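Student: Here's the letter readout for the chains.
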Amino acid sequence: DGGITQSPKYLFRKEGQNVTLSCEQNLNHDAMYWYRQDPGQGLRLIYYSQIVNDFQKGDIAEGYSVSREKKESFPLTVTSAQKNPTAFYLCASSPQGGLDTGELFFGEGSRLTVL
Amino acid sequence: SQQGEEDPQALSIQEGENATMNCSYKTSINNLQWYRQNSGRGLVHLILIRSNEREKHSGRLRVTLDTSKKSSSLLITASRAADTASYFCATVGGGSNYKLTFGKGTLLTVNP
Chain A
1 DGGITQSPKY
11 LFRKEGQNVT
21 LSCEQNLNHD
31 AMYWYRQDPG
41 QGLRLIYYSQ
51 IVNDFQKGDI
61 AEGYSVSREK
71 KESFPLTVTS
81 AQKNPTAFYL
91 CASSPQGGLD
101 TGELFFGEGS
111 RLTVL
Chain B
116 SQQGEEDPQA
126 LSIQEGENAT
136 MNCSYKTSIN
146 NLQWYRQNSG
156 RGLVHLILIR
166 SNEREKHSGR
176 LRVTLDTSKK
186 SSSLLITASR
196 AADTASYFCA
206 TVGGGSNYKL
216 TFGKGTLLTV
226 NP
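In order, the protein sequences belong to chains A and B. So the first sequence is residues 1 to 115, counted in this note's numbering. So the second sequence is residues 116 to 227, counted in this note's numbering.
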């Protein structure tokens, strides 16, 4: 079945450690996104990529890094510079042309807890 | 910054009743979208309404858009316990058609 796969579903990390969240899609979508969700805060955009080898910062990019070496993959690294990394992370994709006429397709999320 | 703001923050109704959720936004938009999220899961797209549309239907869902008031409403008719979820509005606009800005959501509980 086509969709977006995020892994791991749950992740625990010690303070000061970097961690990488995986996001893979087989929808043949050009654009991919990372959102962060905190309780009562809705979703906030971290990074997005319109095409392979290109990505842009979203509203809360500090302390995060991404790469887009393949169309199918858009991993997110939460670095030790991110001061409050405990959150629910959601990866999404959209077809070519952006969101003027299309919608986001989401993965099931990765819950990161910093101990 | 958050563009959309949903109202109410939480809504509890009985099965069979209608549920209405409202969304307000601040700047001009290309379209407005509604998403649903079951607890601990990813979001699922429900409906998209363009800025030149006033009303749209999809099954038991009815969405309205009033660009003069910068507001939208989502009506779920004949609610079911399975409709229990958080509902988010999101807007596209502000010069980038790749940035979807979400509100904080309405938690809907449908009691059997």
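Honestly, the hints are just simulated from the structure, not real lab data. Hints are not guaranteed to be accurate.
Chain A is nowhere near these chain B residues, computed Cβ spacing over 12 Å in every case [stated by the list, open to error]:
#1 Arg-156
#2 Gly-157
#3 His-160
#4 Arg-175
#5 Arg-177
#6 Asp-181
#7 Lys-185
#8 Ala-193
#9 Thr-199
#10 Thr-216
#11 Val-225
Which chain B residues face chain A? A few, computed with CB under 10 Å, are given here [claimed, not checked]:
#12 Gln-124
#13 Leu-126
#14 Ile-128
#15 Gly-131
#16 Tyr-150
#17 Ile-162
#18 Val-207
#19 Phe-217
Note that the structure is a prediction, hence the values are computed from the model and not measured. Glycine residues also receive a C-beta, built at the ideal position from the N, C-alpha and C atoms.
Student: Could you run down the list of hints and mark each one as holding or not?
Tutor: The hints, checked one at a time:
no., hint, verdict
1, Arg-156, "violated (6 Å)"
2, Gly-157, "violated (4 Å)"
3, His-160, "violated (4 Å)"
4, Arg-175, "holds (19 Å)"
5, Arg-177, "holds (18 Å)"
6, Asp-181, "holds (20 Å)"
7, Lys-185, "holds (17 Å)"
8, Ala-193, "holds (24 Å)"
9, Thr-199, "holds (18 Å)"
10, Thr-216, "violated (8 Å)"
11, Val-225, "holds (21 Å)"
12, Gln-124, "holds (8 Å)"
13, Leu-126, "violated (15 Å)"
14, Ile-128, "violated (21 Å)"
15, Gly-131, "violated (29 Å)"
16, Tyr-150, "holds (8 Å)"
17, Ile-162, "holds (9 Å)"
18, Val-207, "holds (5 Å)"
19, Phe-217, "holds (4 Å)"
Hints 1, 2, 3, 10, 13, 14, 15, counting from the list given before, are not met by this structure.
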